[in-house]
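A.B. asks: Chains as they are written, first to last, in our numbering: chain C, 1 to 150; chain D, 151 to 249.
If you're looking for bench data, these hints aren't it; they were derived computationally from the structure. Do not take every clue at face value.
[As the list claims (entries may be wrong)] Calculated pairs, DSBU-like style, for lysine-lysine (alpha carbon to alpha carbon, straight line, at most 30 Å):
#	chain 1	residue 1	chain 2	residue 2
1	D	208	D	245
2	C	79	D	224
3	C	118	D	224
4	D	204	D	245
5	D	203	D	213
6	C	79	C	118
7	C	79	D	203
8	D	204	D	224
9	D	213	D	245
10	C	79	D	204
11	D	155	D	224
12	D	224	D	213
Everything numeric in this text was worked out from a predicted model, so none of it was measured.
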Amino acid sequence: MRLERFQMIDRVERLDRAALSIVCRCEVPLQSSVFEGHFPGHPLLPGTLMIEAIAQCCGLLVLALQDFARMPVLVGVDKARMRAMVAPGAVLAAEGRLVQEGAVYAAATGRLLSEGRKVAEAEIRLGTIPFPSEQLRADTRGFARQIGLI
Amino acid sequence: MADYKQETFDVVAGIIAEVSSIDRTTIAADSHAINDLGIDSLDFLDVTFAIDKKFGIKMPVEKWMEDVNEGRAKAEEFFVMRNLVRHIDDLVAAKAAAA
Chain C
1 MRLERFQMID RVERLDRAAL SIVCRCEVPL QSSVFEGHFP GHPLLPGTLM IEAIAQCCGL
61 LVLALQDFAR MPVLVGVDKA RMRAMVAPGA VLAAEGRLVQ EGAVYAAATG RLLSEGRKVA
121 EAEIRLGTIP FPSEQLRADT RGFARQIGLI
Chain D
151 MADYKQETFD VVAGIIAEVS SIDRTTIAAD SHAINDLGID SLDFLDVTFA IDKKFGIKMP
211 VEKWMEDVNE GRAKAEEFFV MRNLVRHIDD LVAAKAAAA
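With these hints in hand, go ahead and build the complete structure from the sequences.
C.D. replies: Here it is, written out as structure tokens:
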């Protein structure tokens with residue numbers, strides 16, 4: 001994870017196109033300016049960033065399944081639950097599964113696991129929009145290659 | 151083009167009322183989803199999701215917006231309730247015919 005860059009996913013571990021699912025690896029950094037405030041002397045990964053990790057995981061799934069045709073953006077989160085606290089240094093698995101896809105949206109479910117134990121879950125609604133520029137589409141593909149999505 | 155099915159209208163109006171927190175009694179056949187009912191873009195996304203799920207279809211809303219933006223169709227063609235419902239009926243019929 002590079003929290004200040006809002007990059008939650010480090011590596012794609014498995015993409016299953018038939019099952020419409022993905023598993024990603026997220027390594028919580030030992031240090032980050034985010035932890036300075038959350039909380040002083042007791043660093044914890046914010047729950048909102050757990051949800052963001054799930055959303056990004058699902059977004060990568062949509063990008064792969066749609067071959068980078070459109071850009072996923074977060075438009076809704078339902079039934080979000082943070083079930084355990086996550087400390088710096090934790091290695092998380094983010095899992096996502098597509099449940100419904102339309103012309104301009106994708107709905108997915110996802111969860112975060114730490115050592116096999118569920119620490120967060122949510123239903124994610126993504127809007128899919130045209131990429132604002134071909135450069136951004138190219139940069140997104142480049143990042144996807146870097147993390148092993150394609 | 152055939153008129154819309156009342157039962158489809160009732161389902162779609164119910165979805166819109168619930169998703170957008172609108173009084174169901176205000177939704178009429180001639181209601182414009184955006185101009186009259188005040189549905190914003192995020193509400194419309196949620197409505198699209200719910201309608202797609204309910205009827206097992208994929209409304210081609212992107213294509214509809216392109217047609218409007220490029221002058222091939224008027225917004226009323228897709229966003230006035232009677233017309234929206236007719237399009238949904240057509241999509242359901244096309245799906246049944248393809249099955």
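A.B. asks: For each hint given before, does the structure comply? Return the numbers of the non-compliant ones in rising order.
C.D. replies: Result: hints 2, 3 break, sorted rising.
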